[in-house]
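Spelled out from the first residue to the last, the chains are:
Protein chains: 2
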Amino acid sequence: MEKLNKGLKVIHELSAATPWPASVTPMSAESDGTAGFWPEGFSSGAVDAGIKYSNRKDLMLLSADGPCSAAAVFTTNLCCAAPVELSRYHLQLSSGSMRALVCNSGNANAATGARGMDDARAMAAAVASELAIKPEEVVVASTGVIGQLLPMEKVLNGIKALPSSLQRDSALDAARAIMTTDTFPKFFSLKVQLSVGSVRLSGMAKGSGMICPNMATMLAFLATDASVDPTLLQKALHDANRSSFNAITVDGDTSTNDMAAILASGTAPEILADSQDYTLFCEALEALMTFLAKLIVIDGEGATKLVEIIVEGAADDRDAELAARTIAQSSLVKTAIHGEDANWGRVVAAAGRSGASFNQNELELFFNDLIILKPGFIADFSEEAAAEIMAKNSYSITLRLGRGTGYAKVWGCDLSKEYVDINGSYRS
Amino acid sequence: MEKLNKGLKVIHELSAATPWPASVTPMSAESDGTAGFWPEGFSSGAVDAGIKYSNRKDLMLLSADGPCSAAAVFTTNLCCAAPVELSRYHLQLSSGSMRALVCNSGNANAATGARGMDDARAMAAAVASELAIKPEEVVVASTGVIGQLLPMEKVLNGIKALPSSLQRDSALDAARAIMTTDTFPKFFSLKVQLSVGSVRLSGMAKGSGMICPNMATMLAFLATDASVDPTLLQKALHDANRSSFNAITVDGDTSTNDMAAILASGTAPEILADSQDYTLFCEALEALMTFLAKLIVIDGEGATKLVEIIVEGAADDRDAELAARTIAQSSLVKTAIHGEDANWGRVVAAAGRSGASFNQNELELFFNDLIILKPGFIADFSEEAAAEIMAKNSYSITLRLGRGTGYAKVWGCDLSKEYVDINGSYRS
Numbered sequence: 021m022e023k024l025n026k027g028l029k030v031i032h033e034l035s036a037a038t039p040w041p042a043s044v045t046p047m048s049a050e051s052d053g054t055a056g057f058w059p060e061g062f063s064s065g066a067v068d069a070g071i072k073y074s075n076r077k078d079l080m081l082l083s084a085d086g087p088c089s090a091a092a093v094f095t096t097n098l099c100c101a102a103p104v105e106l107s108r109y110h111l112q113l114s115s116g117s118m119r120a121l122v123c124n125s126g127n128a129n130a131a132t133g134a135r136g137m138d139d140a141r142a143m144a145a146a147v148a149s150e151l152a153i154k155p156e157e158v159v160v161a162s163t164g165v166i167g168q169l170l171p172m173e174k175v176l177n178g179i180k181a182l183p184s185s186l187q188r189d190s191a192l193d194a195a196r197a198i199m200t201t202d203t204f205p206k207f208f209s210l211k212v213q214l215s216v217g218s219v220r221l222s223g224m225a226k227g228s229g230m231i232c233p234n235m236a237t238m239l240a241f242l243a244t245d246a247s248v249d250p251t252l253l254q255k256a257l258h259d260a261n262r263s264s265f266n267a268i269t270v271d272g273d274t275s276t277n278d279m280a281a282i283l284a285s286g287t288a289p290e291i292l293a294d295s296q297d298y299t300l301f302c303e304a305l306e307a308l309m310t311f312l313a314k315l316i317v318i319d320g321e322g323a324t325k326l327v328e329i330i331v332e333g334a335a336d337d338r339d340a341e342l343a344a345r346t347i348a349q350s351s352l353v354k355t356a357i358h359g360e361d362a363n364w365g366r367v368v369a370a371a372g373r374s375g376a377s378f379n380q381n382e383l384e385l386f387f388n389d390l391i392i393l394k395p396g397f398i399a400d401f402s403e404e405a406a407a408e409i410m411a412k413n414s415y416s417i418t419l420r421l422g423r424g425t426g427y428a429k430v431w432g433c434d435l436s437k438e439y440v441d442i443n444g445s446y447r448s
Numbered sequence: 021m022e023k024l025n026k027g028l029k030v031i032h033e034l035s036a037a038t039p040w041p042a043s044v045t046p047m048s049a050e051s052d053g054t055a056g057f058w059p060e061g062f063s064s065g066a067v068d069a070g071i072k073y074s075n076r077k078d079l080m081l082l083s084a085d086g087p088c089s090a091a092a093v094f095t096t097n098l099c100c101a102a103p104v105e106l107s108r109y110h111l112q113l114s115s116g117s118m119r120a121l122v123c124n125s126g127n128a129n130a131a132t133g134a135r136g137m138d139d140a141r142a143m144a145a146a147v148a149s150e151l152a153i154k155p156e157e158v159v160v161a162s163t164g165v166i167g168q169l170l171p172m173e174k175v176l177n178g179i180k181a182l183p184s185s186l187q188r189d190s191a192l193d194a195a196r197a198i199m200t201t202d203t204f205p206k207f208f209s210l211k212v213q214l215s216v217g218s219v220r221l222s223g224m225a226k227g228s229g230m231i232c233p234n235m236a237t238m239l240a241f242l243a244t245d246a247s248v249d250p251t252l253l254q255k256a257l258h259d260a261n262r263s264s265f266n267a268i269t270v271d272g273d274t275s276t277n278d279m280a281a282i283l284a285s286g287t288a289p290e291i292l293a294d295s296q297d298y299t300l301f302c303e304a305l306e307a308l309m310t311f312l313a314k315l316i317v318i319d320g321e322g323a324t325k326l327v328e329i330i331v332e333g334a335a336d337d338r339d340a341e342l343a344a345r346t347i348a349q350s351s352l353v354k355t356a357i358h359g360e361d362a363n364w365g366r367v368v369a370a371a372g373r374s375g376a377s378f379n380q381n382e383l384e385l386f387f388n389d390l391i392i393l394k395p396g397f398i399a400d401f402s403e404e405a406a407a408e409i410m411a412k413n414s415y416s417i418t419l420r421l422g423r424g425t426g427y428a429k430v431w432g433c434d435l436s437k438e439y440v441d442i443n444g445s446y447r448s
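Chains as they are written, first to last, in this note's numbering: chain L, 21 to 448; chain H, 21 to 448.
Hints in this document: simulated from the structure, not taken from any laboratory.
Since this is a predicted model, take the numbers as computed values, not measurements.
Hints are not guaranteed to be accurate.
All copies of an identical chain are treated as equivalent in the list; a pair is satisfied when it fits inside any one copy or across any two copies.
As the list claims (entries may be wrong) - Derived pair list, reagent style DMTMM-like, types lysine to aspartate or glutamate, alpha-carbon separation capped at 25 Å:
id, residue 1, residue 2
1, K394, E360
2, K211, D259
3, K412, D389
4, K174, E328
5, K72, E403
6, K211, D85
7, K394, D138
8, K412, D441
9, K154, E105
With the rest of the complex left out, here is chain L:
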């Protein structure tokens, strides 16, 4: 309960600090006065199946009242998990029409070979049987230890118990069931005012370690009552993903199980392509996904700081992203951030090895608005002012390369001793 309260406080503070789009009203579980409310047409349930954790819910079902438009993006890791392969296949088979999403924590069902695929299929089949829908209408996701077979008897018993736990206002419970080393559940909702009326957009996510999404993301499940064609929904998800989940890193390790999926129930009026409403919907989707992405970094394994790395003036956006990601992933930058040491030389050294092109004598560096480095490598700043910024829980580092208009923004965190502790004995 203490951790849940900590999580609600973090979510509340981040929401207050977020420049939400004008058409959006943030609705945290707290402000809802509920335990997390899904959009019209959705309900979720969670049970303790005993997969790995004891005395904790570890199996979750998100169910839609009717057929939904669906879209998803998946990890690019060649060692992708069985549920990733199966869910990708189901989306194709059903032409983007899904009804349910099942997810377990504690076991990733990754690096499990042919048996792992059988197990993922059995999960989909069991859910389909319980809900009287087709197996290809079920998205399957798993997260946890790699390389161990799922305890299928426990999983299938758990699935049988799920339907009776379905409720529209139990989203926080579902968000908690997909946690691994996360310390608090991540769920948030937006109300989006469109010309056709208002729609609701909700999402949950988990992250913590092995966080460096690449053209995909850690687990994030979103739902909306908007009516959106599957192809359009896929485009909206893909575009929003680029600047949200694909722009974060905790430890530079891209997971085998990354997945972001969205279901649209269509109980609200339809959003058409190229409309002003579509633009507003995309803005809101990107804002919600960015919000959840930041929550993942804030709750990164051992993390104590959320740092926004901005690279401007690169030759192109690709160069900017190379530099920003390399800075955000540098162990030396991350330990300096942790130690609150304004060791700016490590930031430029990381940029220098990133592959981005620039002339070192044209670099400019800022911590928040404080100029640290002027062109010609002239560092003339107040150590006290820098220390004050670095003592904050959240700040930005901006590097200007002096080349062109390339721009990138990524979010990273510090590297702490707790990260080493958590990951030295993860399997046990």
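Since chain L is already given, all that's left is putting chain H on it; use the hints.
Using the frame of chain L, we list chain H on its own:
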């Protein structure tokens, strides 16, 4: 003294475990019965110039009795330090004929702009003046904090005191003066039996953090009495570098100051291109550089394990290197190595995000000779046997991709809480 003894013990043990080429006789400082003996024609000196550290020598001079063939490889970091730029220029200007090498620790003279270049030039000029040689015959190197100007008065006073400290048998003293967070000095010699007689090959190195050499290396200074044409020497150094200094990583951060340089005094008989002697010389050079590279990893910041990562059966060598480096640099693999947890899923997950091509169902994985993973993702091994291997100070992880004949070997270490401690407050 305790640390020095620890270092000598580590060096002795690694030498005993090294499969030296047949033509080579290892000669550690210990077995020499000296404090480190340079080849004929070389002497070194070190002084406490008070640059950053207190009560420690921090300025070193390696001097040759006459003109030497010289070769060097440098960092590819765009933010390369002033001494790197200057030394590269001096090598060109002198057509690979050098007489001396000066190096300070405590300050990298990196990210210091035009003033930094002036300071590096002043160091070369002062050494040249003391030794009555030309400035372009001096290699300049620096290591330490980035982004701070050198205290030039202290540096120049130190350079004045250096010539009187020159001795042929004080190499360990010089190796200690280039240390930063290294815990012991790294110096080693080989006697190489050639058809023209025997030659001696010595080298010192420093490393510890910001270690991920890329087409260059951390500081390593080598000397030989062999007579080798500069162009041939450059080729030998470049080739040996690829499988030694360029095959290690401590934290994935490529330094601004990486440099490996070699001087050949030519007091021993000449080694000609395409000769059997040249092959033997190259073998010995690669063996010495690999030995020093491993010492750098063993003494990496906070490191407690030296792990050899071998990738076989890749589509080509580039793919093999991508996979091997990604595994060696993965924070999750490194923390599992630290925690002695046989979390093999992290190894294949790192390979999966590396960019190397393979089919995950064809992977084979070994810890030393213990098979961990068979094709089809069948993991069937004794946890006790795996734990026994992971408890060792040094072992190998071999991943077979099942694609072709591509091969790579890199050396990495674990990630410990001490690394975070060391790097949270490096500037202070």
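Evaluation of the provided hints:
| no. | hint | verdict |
| --- | --- | --- |
| 1 | K394 / E360 | within (21 Å within a copy, 45 Å between copies) |
| 2 | K211 / D259 | within (20 Å within a copy, 62 Å between copies) |
| 3 | K412 / D389 | within (14 Å within a copy, 49 Å between copies) |
| 4 | K174 / E328 | neither (42 Å within a copy, 39 Å between copies) |
| 5 | K72 / E403 | between (48 Å within a copy, 18 Å between copies) |
| 6 | K211 / D85 | within (20 Å within a copy, 80 Å between copies) |
| 7 | K394 / D138 | between (59 Å within a copy, 19 Å between copies) |
| 8 | K412 / D441 | both (24 Å within a copy, 20 Å between copies) |
| 9 | K154 / E105 | within (17 Å within a copy, 66 Å between copies) |
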